[in-house]
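Chemist: Protein sequence lines correspond, in order, to chains A and B. Each number in our numbering comes from the position in the first sequence (counting from 1) with 1 added on. Each number in our numbering comes from the position in the second sequence (counting from 1) with 29 added on.
Among the clues, some could well be false.
[What the hints assert, rightly or not] Chain B is faced by these chain A residues, among others (derived, beta-carbon under 10 Å):
id, residue
1, T6
2, D81
3, A93
[To be verified] Facing chain B, from chain A, some residues (calculated, C-beta under 10 Å):
id, residue
4, A3
5, E4
6, H5
7, S62
8, R75
9, A76
10, P77
11, M78
12, A79
13, R83
14, T214
15, G215
16, T216
Bear in mind the hints are in silico, worked out from the structure with no lab data behind them. For every residue, glycine included, the Cβ atom is placed at its ideal position computed from N, Cα and C.
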Amino acid sequence: MAEHTVKAFDEDIGRLRGLISQMGGLAEEAIDGAMRSLQRGDLDLAQEVRAADKQIDAIESEVERLVVRIIALRAPMANDLREVVAALKIAAVVERIGDYAKNIAKRVPLIEGEHRIEPISIIQAMARMAAEMVHDVLDAFAARDAKAAIEICERDNALDDFYDAIFRTLVTHMVENPKTISEVAHLLFVAKNLERIGDHATNVAEMVYFAATGTQMAEREKGE
Amino acid sequence: MTQKITAHDVNVFYGEKQAIRQVSIDIDQEDVTAFIGPSGCGKSTFLRTLNRMNDTVASARVEGDIRLDGEDIYSKDMDVVQLRARVGMVFQKPNPFPKSIYENVAYGPRIHGLASGKSEMDAIVEQSLTRAGLWAEVKDRLSDSGTALSGGQQQRLCIARAIAVDPEVILMDEPCSALDPIATARIEELIHDLRGRYAIVIVTHNMQQAARVSQKTAFFHLGELVEYGDTNDIFTNPREPRTTDYITGRYG
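Work out the full structure: start from the sequences and follow the hints.
Modeler: Printed below as a string of structure tokens:
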């Protein structure tokens, strides 16, 4: 894409993209940190993750201000407009992803005996998959890559299967070890949060697809 | 959708220089159509072929087929004065006659013999000024000079003058470029009100204006029609890279 005649417009767009990728990086770190603190029962790390969420919220506000400024001053059109609107929506979604990670961190102190609970390893694998979706979808946004966006949406099915498997495993575990019910219930919420993170990453992928192509992903599927 | 004007393979030359290349376009009766493009892209030249205003330029030569309701407007049988009554025009700078407001509007209907008697003419003047959104402001001073009005009022007077001869199509060549934002908004509102009664074609440099007032947009570049489609699509998801570059402010 060629540069704008007005260079400051390119600078604004560049800054907007920078903020989104920074936010994405923080959200990814939050998922990773929350899961590591869960794995090790590291309460300090869990507390760090909860505190770091404020940073994500602050960047979201900055994105909002910048988007309003760009729309007011630059009157973006066509692909520029789609990208700016997508950035605004993506920032809100990434903020939600950060909240889910924070929520996982909040549960760490309540799952003291987690090392005794076998299914924890499979939840770690699910978390890696969810974090990768977040990472890759923000790369797709930066590259305006519609194809990658479709591929990420398709991964969500696998993540849902993961969740179903974990759900069954945890329920079985609760039945067999009634003493662990309250802790395992928290693990169920952790798995559910990861499943929701995947849904949000899928939403972002749809926004990336629209920003890149100007058509809704649903329309594409109907068209085929 | 009824096609009011159909143009097919139109070429325009000024002497040796070709200003329009193989342009084909259909203008809808019910829509406002905007022509956009950088300076010198041929949009005004093409607009002027639609009521043969280029006839007045000695070096201009028009090739191709342009029809108004299926009638070839470049045929020998076409009465150019009648054509320009059917296809009216509003220019960039308001150009009222140095006559009274009333006379500015009454002039066209009088030379075309559209009114028999004073009361009929009064009715035409009132209706035209009302449709142009100017009646309330000038009804008590119809004998004042048209040139004494503000720029925005003068432009609406010119629109009233174009409307007075009961045209079918109104061509507007950057009608707001000499007006302030408030007067511009009033003209845009007027275009919205006139839509449906007249087929309207507007040339504008202001892309936001094209996006606001039109249903169809045509993008011209270097004498070619690059892209023509629903205004919605042109401004949100144009198909041609050249259109994208122009409307997003990346043009060369």
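Chemist: Would you mind marking each hint as holding or not holding in the structure?
Modeler: Here is what the structure says about each hint:
At about 5 Å, the closest approach between the beta carbon of T6/A and any beta carbon in chain B falls short of 10 Å, and the interface hint on this residue holds. The restraint placing D81/A at the interface with chain B holds, with a minimum CB-CB distance near 5 Å, inside the 10 Å limit. Of the supplied interface hints, the one on A93/A is violated, with its beta-carbon coming no nearer than about 21 Å to a beta-carbon of chain B, more than 10 Å. The beta carbon of A3/A is positioned within 10 Å of a beta carbon in chain B (closest approach about 5 Å), and the interface hint is therefore held.
The beta carbon of E4/A comes within 7 Å of a beta carbon in chain B, closer than 10 Å, and the hint placing it at the interface holds. Because the beta carbon of H5/A sits about 5 Å from the nearest beta carbon in chain B, less than 10 Å, this interface hint is met. A distance limit of 10 Å between C-beta atoms decides the matter here; for S62/A the minimum to chain B is near 27 Å, and the interface restraint is violated. The interface hint given for R75/A is met, as the beta carbon of that residue sits about 8 Å from the closest beta carbon of chain B, less than 10 Å.
Satisfaction of the interface hint for A76/A is found here, the shortest Cβ-Cβ separation to chain B being roughly 6 Å, below the 10 Å cut-off. The beta carbon of P77/A is positioned within 10 Å of a beta carbon in chain B (closest approach about 7 Å), and the interface hint is therefore held. For M78/A, the shortest C-beta to C-beta distance to chain B is roughly 5 Å, which falls under 10 Å, so the interface hint holds. With a cut of 10 Å, the hint placing A79/A at the interface with chain B holds, because the nearest CB-to-CB distance is about 5 Å.
Taking 10 Å as the C-beta cut-off, the interface hint given for R83/A holds, the closest approach to chain B being about 7 Å. Taken as an interface hint, T214/A checks out: its beta carbon lies about 8 Å from the nearest beta carbon of chain B, inside 10 Å. The restraint placing G215/A at the interface with chain B holds, with a minimum CB-CB distance near 3 Å, inside the 10 Å limit. The beta carbon of T216/A comes within 7 Å of a beta carbon in chain B, closer than 10 Å, and the hint placing it at the interface holds.
This entry does not satisfy hints 3 and 7, going by the numbered hints stated previously.
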